[in-house]
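What follows is each chain in one-letter form.
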Amino acid sequence: MAQKELTLFPGCMIPLRYPQIEKAARFFFRTIGVEVSDIEGFTCCPEPWNVKGAGLTEWLTIAGRNLGIAQKHGGDLITLCNGCYSTLKEAKHAFSSDERTVEEVIKRIKSTDLPKPGDIRVLHFADLLSELWEPVISQCVKKRLEGANIAIHHGCHLLRPADVMKFDDPFDPEVLERIIESLGATPVRYRGYTDCCGRAILHRDKSLDVASAKLDSMKQAGADCVVVPCPACFEQFDLGQVEIKRKTKRVFDLPVLHFSQLLALALEADPSSLGLDYHRVPVVDLVSKFLS
Amino acid sequence: MVRANPDFAKQLNRIEKAGNLNYCYQCSACVQECPAALRFSDFNPREIVLCALLGVADELIGENSVIWQCATCYNCYERCPQKARPVEVITALKNLAFETGNAPEQITALRESVLNHGTITTLSDSMKKRRDELGVPAISLPEAGLLKKILGG
Ligand code: SF4
Ligand code: SF4
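First to last, the protein sequences are chains H and B. Residue numbers are given in numbering that gives the first Met the number 0: position 43 of the first sequence equals residue 42, and the series is strictly consecutive. Residue numbers are given in numbering that gives the first Met the number 0: position 87 of the second sequence equals residue 86, and the series is strictly consecutive.
No lab work stands behind these hints: they were computed from the structure. Please note that a few of the clues may not be correct.
Claimed, not checked - Here are the simulated lysine-lysine pairs, BS3-like style, with alpha carbons at most 30 Å apart: (1) H/Lys205 / B/Lys82; (2) B/Lys82 / H/Lys115; (3) B/Lys82 / H/Lys91; (4) H/Lys288 / H/Lys218; (5) H/Lys165 / B/Lys16; (6) H/Lys91 / B/Lys148; (7) B/Lys16 / H/Lys91; (8) H/Lys115 / B/Lys148; (9) B/Lys9 / H/Lys106; (10) B/Lys16 / H/Lys106; (11) B/Lys16 / H/Lys205; (12) H/Lys106 / B/Lys127; (13) H/Lys109 / B/Lys127; (14) H/Lys91 / B/Lys147; (15) B/Lys16 / H/Lys115; (16) B/Lys127 / H/Lys244; (17) H/Lys165 / B/Lys82; (18) H/Lys71 / B/Lys148; (19) H/Lys244 / B/Lys128; (20) H/Lys115 / B/Lys9; (21) B/Lys9 / H/Lys109; (22) H/Lys141 / H/Lys3; (23) B/Lys128 / H/Lys106; (24) B/Lys148 / H/Lys109; (25) B/Lys128 / H/Lys109.
Being a predicted model, the structure only gives us computed values, none of them experimental.
Taking the hints into account, I'd like the entire structure generated from these sequences.
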């Protein structure tokens, strides 16, 4: 089995709000034989719309510090969050430019005894799925989700800006659909397939309206659940359904899973060990209906 | 009377290439799939780029500006035939609004949390308990105030 060593970049949302996603991911890494180490010193990536909106230079400095730490003490980074993925990847990209501001930031990071950030890879859980599926992961799959219609929500920052993220086509992504098919399930395409979850829109009602439109469209396409690669999108759809119900009385009842949770189930994790009952939209029926 | 200020665009933080706005030829390709434009009658990435270009931006970088409704979805970035990157122009405008104290409170609070704790939120007791129950390793949180040190210099 191909051995790989990676450093976990935990971010904030997963360890501090959704540790059940971390639990599933750790089970997954262990089961496929990828060694993932934890190192000290990381902070928030930082988050790519509010902290970045407050100050680009500051955002870049904090991101550069995180990259520098990984370079000094660890190796290639693995993240479970589109926000962390986009911040770290975009920062890495920015550090290769010759902007004067960037030079200043690099100088500051170096002054804290860290190397110039840029020489390590930043991987998303979804990259791991696509890179290791054939050689490793497919052979570890024990359970299938035969007959389930799965709506993938990619989340904007996995796909865009495509010239930096380089994950898949920004409006016609297919990589993750192949994974869903390999699990015996059907990836459903729906109207607004690559649309945003709306999370970053400040006005909460409008933000939820964006989520509603997507959930509605998934439902119309016959989806049994939503699978996401990002804790922010997860929150927007899972907790979001509770808010939408309260504010508009609309009920979708679409369970939401992070890709790591779907994979942990397929790798025969005991569903009761995964903390799935912490989800706001119940997942238990989905699991008992399709997992076999 | 509103006056144009051709030097305004030079103030935009260029790290993420917000400086490409002068390539904009006002085609509106960025508007069609913009989730914010679909929901706010006063949000239009084409107009925002134009205002930044002309330097007629007092309102955009003022209090309660519509720029904070941008979903940061990067649809406009991908759809713009001129690589003008409206979303980066918006981020750069947000930076100016923040500098002048016009950012919404949530944004300021979130940034403060990151600078003070290193994270967007802290570890609550219930979450600590949940982590223990799940059996995930104890979390090592960054030292308080750490980022202020590195940013301060
Ligand atoms: S920013 Fe690009 S897409 Fe938008 S109006 Fe200008 S040229 Fe057209
Ligand atoms: S990034 Fe902002 S301006 Fe661009 S399409 Fe998305 S919401 Fe609209």
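Evaluation of the provided hints:
no., hint, in the structure
1, H/Lys205 / B/Lys82, "holds, 28 Å"
2, B/Lys82 / H/Lys115, "holds, 28 Å"
3, B/Lys82 / H/Lys91, "holds, 20 Å"
4, H/Lys288 / H/Lys218, "holds, 17 Å"
5, H/Lys165 / B/Lys16, "holds, 18 Å"
6, H/Lys91 / B/Lys148, "holds, 22 Å"
7, B/Lys16 / H/Lys91, "holds, 14 Å"
8, H/Lys115 / B/Lys148, "holds, 18 Å"
9, B/Lys9 / H/Lys106, "holds, 24 Å"
10, B/Lys16 / H/Lys106, "holds, 20 Å"
11, B/Lys16 / H/Lys205, "holds, 29 Å"
12, H/Lys106 / B/Lys127, "violated, 37 Å"
13, H/Lys109 / B/Lys127, "violated, 34 Å"
14, H/Lys91 / B/Lys147, "holds, 22 Å"
15, B/Lys16 / H/Lys115, "holds, 21 Å"
16, B/Lys127 / H/Lys244, "holds, 29 Å"
17, H/Lys165 / B/Lys82, "holds, 17 Å"
18, H/Lys71 / B/Lys148, "holds, 19 Å"
19, H/Lys244 / B/Lys128, "holds, 29 Å"
20, H/Lys115 / B/Lys9, "holds, 27 Å"
21, B/Lys9 / H/Lys109, "holds, 28 Å"
22, H/Lys141 / H/Lys3, "holds, 21 Å"
23, B/Lys128 / H/Lys106, "violated, 41 Å"
24, B/Lys148 / H/Lys109, "holds, 14 Å"
25, B/Lys128 / H/Lys109, "violated, 38 Å"
Against the hints set out earlier in the document, violations occur for numbers 12, 13, 23 and 25.
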